Amino acid sequence: MKRITKMMVSTLLVASLAVGLSACGNSSGTNSSSGTNNGTAPKAEKVTLSFWGISTAEPERSELEKIIKEWNDNNPDIQIEYSGTENNAYKTKIKTAIAAGEAPDIMYSWTGGFAQPFVEAGKILSLDEYLTDETKDQMLPGALDNITYDGKVYGITYGQMAGALYVNTELFDQYQVKIPTTFSELMTAVDTFNQNGVKPMITGMKDLWPGMWIYDMIALRESGSQLSLDALNGKASFTDPAFVNAADKIQQLVNAGAFGNGVLGMTQDEAEAEFNQGKVAMLFGGNWMASKMEADSSMVKGKIKAVRFPASEDGKGDPTEYVGGGSDAMLVSADTKYKEQAVKAATYLAKAQAEQGYLSGINLPTWKYDSLDQSQINPLAKEIMDNIITGAAGSVPVWDIYLNGADAKTHQDLVAEVFANQITPEQFGAQMQDKVNGN
Amino acid sequence: MQNLLGDKKAIFLFVFPTFLVFTVIIILPIFFSGYYSLLEWDGFSNGKFIGLGNYVDLFVNNTDGFTKGVKNSIVLAIVSVGIQLPISLLLALILARGVKFEKLYRTVYFIPVIISTVVIGQLWMKIYHPNYGMLNIILNKIGLGFLANEWIGNTQTALGAVFVALLWQYVGYHMLLMYASAKSISTEIYEAAKIDGANEPTLALKITIPLMKPILRVCVVFSVIGSFKAFDLIYVLTNGGPLHATEVPTTIMYTSIFAKYQYGYGSAMAIFIIVECLVATVIIQRMFGKDPVN
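Chains as they are written, first to last, in UniProt numbering: chain A, 1 to 439; chain B, 1 to 294.
Looking at chain B on its own, in the form it has when it is part of the complex (with noise of 0.2 Å):
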């Protein structure tokens, strides 16, 4: 073993092929995006460079209200990390801690996950619907027919529906990734917590969390980087209205090159929100220091 991981011919044979693939395909599209940002273009005709004049007509002259969508992806972002990965810990730990029907409950909160956007955006739309929608409809029964709305139709209240079901979609997947590593803690370590007299949460604050901080930090991560470049369900959905209420850069960006034909301005959005992940990542690592142990 020793042997083979000194051998650079070795090396190059197992690393080279996978080089070249991230290269043609990821490290190459990035370098022509970065390119196409910098022209004025339409996809079809030839490009006219105009330097950094899209990205001065993105947040100096804001032409199409980017920055109020960068905005509203930013707020996901930390509503995605304040209350989705929450629910999904809370769920994570009751489960690990081993309740009866362990098994279904797991399956059943992932569920979500598996099931396509467009499938859970219908299903969505069905429940906010302002006539037949279910949550209409209990609200009436339940005597608070006041507060029925036309959910994703108004724009006060679309980007609160829209994100509600964004974050019910993955708090499955967290919930897995979170028990995942809670089971794995050793449970001699509990053993001796509880003959010291430790009590349910003080376990669940001192030993399991503390734990499970490598994973959490990767949920942070998923979470946070999910919200910038949130998508399908919100373009199923709303497709950004109404009105660009619930317009995030995924969806202003879609629009621009596909609608309006501004391939390079489209571009110009790509790059911000792959330097923006880039940036969220390296802050996301420094703010939950090194690992304890290992």
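Chain A on its own, in the form it takes in the complex (with noise of 0.2 Å):
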């Protein structure tokens, strides 16, 4: 008996390990493969690009197969073959085969700071000397801004994020309350609905990002572009008044109650199934989450507005900024054995996926729109780009899009402890300036 049970212990032992392990154990042996998954030689007839994507949920999904079912009939010579992983799981997978030099030779990358470590070991493919002119007056200005390191392009931007104040006018008119357009008319609506029994607004804390959005919309109010992004590239200092003063913004919310009692328990998704059940008068989030307000399903279609975050009475910052940019792009491994394919496949898939996903509102298009039919596009995703983007003064990306890894989750984080009250503004602008840029 006494052997059996050693022996159950050890195989535990070991399953335990393996666990714990195997995400370790795959990345030996990192230059060792080549980057693409066929045999055939550069110079034969056909050519089989491999493309990893996100698009795995409808209509995502199916809209991508389209744009590359129309690539490859027009193509025979060079077939895309698509695999799509959900958007946490792909993070994971890409960074692993990135490392075990397994990456595809399309691949799909968020930009600035989550890129940044591929770039940095010289695992993407420089786009500089194949990126005509042409190829590039087709795109917004801007378009390659969060995509380019160190003054090179590594990457085809398609789709930009913007933050938006989702209003909810129905709920606004009900109790005469103004769209706020400055941060005092913010606090009286909030009181006001908090009087009524409203919910003002709502955010998915849970998941950290929601609340970072609002911390960074109100800082780019309070210290304008230019201050936000000397601060994010370690020119200017967290702990400047602006900074200071966003996260008491923040805890000035929170404490009137504008999340209602807790604001750490709830996922960004149940976040905005209230919101899409007519129950928040307010929710200040990313472009995308328009095209659920616009479904079918949705109980506040067409009486959601699209707003300029409220600007700052004491800010520096323009009030027409904000967060957002370049975010999804098209990346070409640097192994690839068909580069110039490989680039030409991503620039139409760049394009064709910035005109679909303009059309159906899951994203905001870094290249000309002007030859779509407009009136198919996604009421809300138009408003967004007319009321926000056209005409803005500038725009700072998300910040943990702009920072590298671990200093993206310490802001995270930090934002979470301003939202929950337990570090004090100043506290935060110290801790920022410190673990962020301390180093």
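By construction, these hints were calculated from the structure, which means they are not laboratory data. Here the structure is a predicted model, which is why all the values come from computation and not from measurement. The beta carbon of each residue, even a glycine, is placed where N, CA and C say it ideally should be. One thing to keep in mind: the hints can contain errors.
[Stated by the list, open to error] Here are a few chain A residues that sit away from chain B, every Cβ distance over 10 Å (derived from the structure):
(1) Ile67
(2) Trp71
(3) Asn75
(4) Thr85
(5) Asp128
(6) Glu134
(7) Gln138
(8) Leu140
(9) Lys152
(10) Ser237
(11) Ala256
(12) Ser297
(13) Asp370
(14) Leu372
[As the list claims (entries may be wrong)] A short, non-exhaustive set of chain B residues, derived as facing chain A with CB atoms under 7 Å:
(15) Glu150
(16) Gly153
(17) Pro242
Put the two chains together into one complex, using the hints given.
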């Protein structure tokens, strides 16, 4: 019996180790294998390019498949083979694959800090010699800014994000509340809704990033895009009054009950669901949330307006600036055997997805969209494009995209602590400076 | 048979394939991890050797609250052994003594073990939901509305809420092990004891439980090590939040490697978990002492 017990125990231990280590074990032999998984020589007639993305849910998946099918039909020599992985799992998968030297020819990536380690490790193809001016002319100004590192372009963006304040006009009309254009008006609106038993705002802080979006937006109003970018680049300090004031404004909102009693327990999906049931007056979030609000199942369809976040009376920021910027990009692996074809296909994919994403309300385009049938566009997405992005003085990416992995997480955590009133605005500024810019 | 066991070639033939697989997929990765844990490495570029720097960060500088994670997992181990196992034992003893619908109960208790952890996570998220969660609704209905809470969103209650779900998940598993062991005890012993005038509690305490000692030891080891490497349900329910209240070593490790690109640092945590599990196993083996018979 004792031996059996021992064996069982050791088997169990072994299993425990395997679980703990499977991730770490994968990465040996970093440079051994080539980036493509087909054996044909570069000169061969038919080329198959592997392409990894995150479109797994409908309608994105079938839309993307349509785009790929069109390419494959028109280019019998260059075939694209798509493999989709769910958003969060993709983050793990692409990192592991790149570390193991098994990246696909073309891959989806977020811009900014997410792609930076891949670029720095030399795993991503620099596109400067492939991108023609003709191609660049079809993109909107600044489309490639967030995927440019050390002056070199490493990807082609297709979708950009913009933060918008979604307001439920029905509730605003019912309680005769003015849609806020300044922070004090926002506080008034919060108070009025609270007095009438309506939840003023909602955010999915369990996912951390939704609250961070609100903070980054207020910080932009307080500081202006230049100071925000300077601080993110380490040229200015997060202890600047602008960033401290922004944290203070978050706590003013929390303490006024803008987000209800508890803010930390809800995921963004749950928060959006509640908003789409028409129970909440305001939601600050990304443009992609518009597609669900305008869906047929939504109870607030046609009642939502997307407006700029209220200006700060004492802030230095231009009230037209927004958080967002280019964020979805197509990258080409540096190890691919078919560089030219891959860049061509990636360019096509980016352009086609920019148009398709705008039409369906998933994405705001980074490519010029004049040729699209304007009546087909999701009305809220168009509102964001017209009211928030057009004529804006500037934009700053949400910080977790701009900052690197560890710093991004630190920022999210610190904002969550501000929301939970666990640290003071001054402590927030000091800790941001210490942990993000300190080393 | 004797011939076969004495044949060196046969032993080699049978043992070597397993040994090879074991070495390649278990032993080697451990050594790799051990090496990575000495690097400052993001998983992509070239690592920089920093000796024990990662371990210093973990325990001396306590950069990411790792010691708190370890403390949480130890608390989990203690409540597992102190609460989960006694419940399992009680259920096993009752079932093994023969009650009506014995097989039905056995199956029902085992169901949580079969369900995917993600489903269990979703289930408990719905139970704990502040607005429409079952727990809050029941509390409101029975007049205890003041106790209603944002269970996994509140830093005070999140850890407890997650532990309840974790304990619930594996009660059936330990029950089944203990049940099988109790069932295998010869009925003659019980008959003899009954003739001597022993009642049910005495039978359980003096006969069943002592004879179940080997399997109880296995359960304790499973329970403790399972607590040290608990990950999936916590990841689904809270992902270590809110504000790191439910962080355990594995969730910190996951975040470090996959969200912060700290491969070397995460490997140091993996090595710590391995050592922790080994030490715990040895200690538990010692505590139980030698087996009575065999």
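Query - Violated hints - listed by number, lowest first - result: none
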